[in-house]
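Following the hints, put chain B in place on chain A, whose structure we already have.
Listed here are the chains, written in short residue letters.
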Amino acid sequence: MTLETATLDAAILNAVIPNTMIPATAVLGSADLLKEYLLPLLLTIPAVGALLVGLMPGRNTKPLWTIALLASVVEAVLCVLAFCQFDSGNPNSQWTYLKPWFTLPLAAGAGIPVKFHLGVDGLSILMVALSGLLGPVILLSARGHIHEREREFLVWAQIMQAGMLGVFLALDLVLFYVFWEVSLIPLYFLIGIWGGPRRIYATVKFFLYTLGGSLLMLVALLYLAYTQRTVDVQTLSTREMALQPQLLAFGAFALAFAIKVPMFPFHTWLPDAHVEAPTSGSIVLAGVLLKMGTYGFLRLGVGMFPEAAVTCAPWLAGLAAAGVVYGSFLAFAQNDIKKLVACSSVAHMGTVMVGIFALNGAGIRGGLLQMVNHGLSTGLLFLLVGVVYERRHVREISEFGGIARTVPMFTMVLLVATFSSIGLPGLNGFPGELLCLKGAFDFHTAIGAVAALGTVLGAVYMLSMARRVLYGPVTRKENHGITDLVAREWVAIALLMVPIVWIGVQPARFLEPTEKSVDLLVTRLERAKKSVAAAQTHDGTRVAALEVPR
Amino acid sequence: MPFLPLIPLLPLAGALACGLLHLQVLRARRHHADARPAEGLIGTIATLAVAAAFALSLERFFALAGSSGERVLTWRATDVWIPTGGPAIPFGFRFDALSSVMCLVITGVGALIHLYSIGYMKGDRGFARFFTYLNLFVAAMLVLVLADSMPVLFIGWEGVGLCSYLLIGFWYEEMKNAEAGQKAFVVNRVGDFGFLLAMFAAAYWTGSFEFTGVNSAVEGGKLATWQTTVLGLLLFVGACGKSAQIPLYVWLPDAMAGPTPVSALIHAATMVTAGVYLVIRTHPIFDVSPIASGVVACTGAATAIFAGSMGLVARDIKKVLAYSTVSQLGFLFLGAGVGAYGASFYHLVTHAFFKALLFLGAGSVILALHHEQDLFKMGGLRRALPGSYRTMWIGAAALAGLPLFSGFFSKDEILAGVLGGRPVFGIPGLNWVLYAVAAATALMTSFYTFRLIYLAFEGEPRGHEHPHPNPTVITLPLVVLAVASVAAAVLGLPFGISHALQHWLEPVIGEPQGHLSHSAEILLLVGSGVIALLGFAIARATYGGGLAKAEARAAARPALYNALSARWWIDELYDATVVRAVRLTSFIAGLIDAFVIDGLVNGAASLAKRGAASARRMADGSTQTYALWFGAGMVVVVASLVLLR
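Residue numbers (the working numbering), protein chains in the order written: chain A, 1 to 550; chain B, 1001 to 1645.
Chain A with its partners taken away, still in its complex shape (with noise of 0.2 Å):
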């Protein structure tokens, strides 16, 4: 870190948590220090790069990309070195950083703490370097196609980082709560501000969706605050609680979760979404947003409601192999190239759910790999779409053809993409997709067979689309004239492109921070698994998807 950031970085200390009066000096001397405050510095970089860009004075937009563009960068450094420095051989949070914040008066008796509880540990670490490493990519792609209210633009865009960054460190409901609410506005704006026709129409069907299931959460995580008299996801996630009210705040907490990532069949605000948003907002929502279903679904879900998990694993995994299929034909039948990935989505997504309601090693490796894979070839995908957009400003598959003449290089990393998204050995989409299928394939065979037809289909609609974009003829002469990638976006892309190309050759790199802890709550399910199925013998009742003969 160079001593102008470090200096700042402390200022900003200083500025925000004012409770903890640190000199800046201390921070350029002091290691532990940074780790101490690490995560939320990791909160605080963003925020502060929000503020200055709204606060800045004069018309040129300028200095208020290099503020942002600086912001984005130290936090994708930052992001990358906690992952670099995290230590794998520990199950637990790391860096933690507890502070309490204000106390949930109830009714009767004392109220309940509420803390500012924040730590990585090996469910979150993946994400939280992805949500780092996109955010100079979403500011580069959207120089190139956000020419208006670019300081709103800029403000929204780093709210939402630093939201989607509390959501994967928050530790305490509450708290995970607010940072959900936070992620989620800003996109609202983006896709209502700077979106295409239709954008009032998918910005209204996407926030009532999703604030449809932000408030069954609140509901539920008010009903946990007031009978588990605890909101610290750490306390809840070792109590033992009965399999009623587990199944309870489950099902509130699932809808929610299922609304986000999303799942089949409450999909449908998200190709309307996607094909509305601007290439920026697309990618974020992509790379991140969804994700924090998936997660939400594996800390929250899983993680403080095994027994319950345990009980509704087949209908979920069922479910999401359902998705699978359902999203590939679906991403078949679209002739917008957006649309497409869009309906892509719901399938790799069905892949990650698929993995993670496995409930086994494989599966919960695999659904942790696959949100980062999906997050960056989708993410590489639009930001792809994006770049003949801003030629065209077309998106028609039928408008292509042939473009494979006049742009090579864009063709080669669209061909990388494609064949990233479709899983090829060698690429991230492989380690990932192997253990989703294989941990569902343990779990149950015949929803880990219609979750691997995914492979197939996926080659069907992803190619067809390379093929009616790139290849015959060139068939419009506004074809001809298109320019090829520019530096700004070779830029994006390669950040993209590196951690595309490594987790494909050495998965166990990314694959090893996030063992011990999986290992743990893999161990708390067959814990979880044992004490349903002695329940249920107890019972003299059989559920019959627990139990199906392989």
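Hints are supplied without guarantee of correctness; some may be wrong.
[Unchecked claim] In silico EDC-like cross-links for lysine to aspartate or glutamate, where the CA-CA straight-line distance does not exceed 20 Å:
no.: 1; chain 1: B; residue 1: 1176; chain 2: B; residue 2: 1575
no.: 2; chain 1: B; residue 1: 1176; chain 2: B; residue 2: 1124
no.: 3; chain 1: A; residue 1: 516; chain 2: B; residue 2: 1079
no.: 4; chain 1: B; residue 1: 1319; chain 2: B; residue 2: 1124
no.: 5; chain 1: A; residue 1: 477; chain 2: B; residue 2: 1173
no.: 6; chain 1: B; residue 1: 1377; chain 2: B; residue 2: 1506
no.: 7; chain 1: B; residue 1: 1549; chain 2: B; residue 2: 1458
no.: 8; chain 1: A; residue 1: 530; chain 2: A; residue 2: 512
no.: 9; chain 1: B; residue 1: 1176; chain 2: B; residue 2: 1374
no.: 10; chain 1: B; residue 1: 1549; chain 2: B; residue 2: 1460
no.: 11; chain 1: A; residue 1: 477; chain 2: B; residue 2: 1458
no.: 12; chain 1: B; residue 1: 1176; chain 2: A; residue 2: 399
These are computed hints drawn from the structure, not numbers from a lab. Predicted model only: the values in this text are computed from it and were never measured.
Structure of chain B alone, referenced to chain A:
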């Protein structure tokens, strides 16, 4: 073993180098639209990379031959390439009797085809791109055969699929070529679906992703017969995709859209044999499951005769060879299915030589005639292209199985294996049926092969008077391969004169099962020779007298002729069923999304809107209305207090 990983790494490095040179050309084209790639440099790098891999393979081969004991060289990059929570997926190579020969064939034939391609692709805008893909293909193919576990094999498996896709659609400006590439990849993915499930099932049942682990579990009797049957059938689904067997063969004839060296390397000599390689690699599974091995043998035989029949009437010189390849691959599976792994592999090797030779020869003809592929427009090339004529004649003789050529011995080994091997599905009589099918196919093979020779080289020129002669880079590989097509015979001469290959492979495939008596072997050998000569004679009688006479004969049986030329309408059948079903399903999914799911969503929204609109009417601002509602509310409250008490 530090040498071992270098075998695939060298071509991979070549691919990277060519790729960078391609990028350089693309950059240069921004300023000069006609910037040319440095063909000499690119061709040399690519060819040398593969030749060096060949040299390394040869060195390792001799090291292997000199080693004692188990005869295997292994290399492990890591034991935990992908941690799964259960058995980890390792990344390692296994250089044993089987993979060593495969490496030699891939790099040997590969290097020749690279050399040939320098001449064939001369002047092409995508020269560097072509060699990038071709080198990448060789690297992927080497990973495939060297893999010691199923996931690593899958890397190569999909890698060659990718290169096949890219190379079939190499001339992408024709949509037909891009479509053929996509078809190849998608049909292969159907097969890969089977392979993936086989991999999961194997890991679930045996606790190992490695071939040694799975094979020893099967040999140790740890799996029930139904489990090995399921495993075998799933693996065979994968093999069917890659090796173009019924019902997944449809992509291979279309794959001829690629440049001819690609057809020679990928779609004849190497990639398409990967399925057979997989079956031999996992042969203990097929050994213990009569159903799985029976399905392999019968599918192979059916594919052999079916594809052979389509080759009888094809007019495109490359299509004839493509059908022939599908048919010969059927032979390989037939041999593997009856347990004659040695014979099957022997034919795999000889086929790699003579089919690569035939494709390259066809390419030299196509090039000389300015990209003419229609046999009916050729003729009389014997004088103009004597080098192509002589070498292709040798290749044809080997394919047809004329006595003393390599194909004669290897095909005969398979035929003998069918009669002497294990009973198909456990029913001894079936082997005779399969033998009859195979013999009929051999007759067809001989006929269509010499039909090709007669149509292309004999008689009078039909359309192209002045072909331009081929350069040395093109004729040299032809000569080398022609020599190999004859010399490969020594790998497995009958009567125990030389069973070199069989013996070499024994550490992997075990002792051959079931022996025929000497007299039976002689009888079969004579029979094979007669069949081949008969086919040759029929082709000569039909096409030796010129095209008109042959056409008249074909016209005498229009129904059969039409069915054959229409390829039995199988593509149309698939279009009408599978393709249409997929399109229809996705159309319906679109409708469901738009009207059912979104219908509910929008319906709920508009319901809320309408509800809100009517509720708003309650608050119209007039005091009288409010008083009315107030009164009504009071009534309801009082009534409920009274009634619910």
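Given pair status - residue 399 of chain A, residue 1176 of chain B, alpha carbons within 20 Å: holds, 19 Å
Given hint residue 1575 of chain B paired with residue 1176 of chain B - CA-CA distance at most 20 Å: holds, 16 Å
Restraint check for residue 477 of chain A with residue 1458 of chain B, where alpha carbons must lie at most 20 Å apart: Since the Cα atoms of residue 477 of chain A and residue 1458 of chain B sit roughly 47 Å apart, the hinted pair is violated (cutoff 20 Å).
Pair hint outcome, residue 1176 of chain B versus residue 1374 of chain B [Cα-Cα no greater than 20 Å]: At roughly 17 Å apart (the allowed maximum being 20 Å), residue 1374 of chain B and residue 1176 of chain B satisfy the hint.
Residue 516 of chain A paired with residue 1079 of chain B [C-alpha distance capped at 20 Å]: holds, 18 Å
20 Å limit on alpha-carbon distance, applied to hinted pair residue 530 of chain A and residue 512 of chain A: violated, 27 Å
Given pair status - residue 1124 of chain B, residue 1319 of chain B, alpha carbons within 20 Å: violated, 23 Å
Agreement of residue 1377 of chain B and residue 1506 of chain B with the hint, judged by alpha carbon distance not exceeding 20 Å: violated, 48 Å
Pair hint outcome, residue 1549 of chain B versus residue 1458 of chain B [Cα-Cα no greater than 20 Å]: holds, 14 Å
Pair hint outcome, residue 477 of chain A versus residue 1173 of chain B [Cα-Cα no greater than 20 Å]: holds, 15 Å
Proposed proximity, residue 1460 of chain B with residue 1549 of chain B (alpha carbon, max 20 Å): holds, 14 Å
Given hint residue 1124 of chain B paired with residue 1176 of chain B - CA-CA distance at most 20 Å: At roughly 19 Å apart (the allowed maximum being 20 Å), residue 1124 of chain B and residue 1176 of chain B satisfy the hint.
In terms of the numbered hints stated before, the structure departs from hints 4, 6, 8 and 11, listed from lowest to highest.
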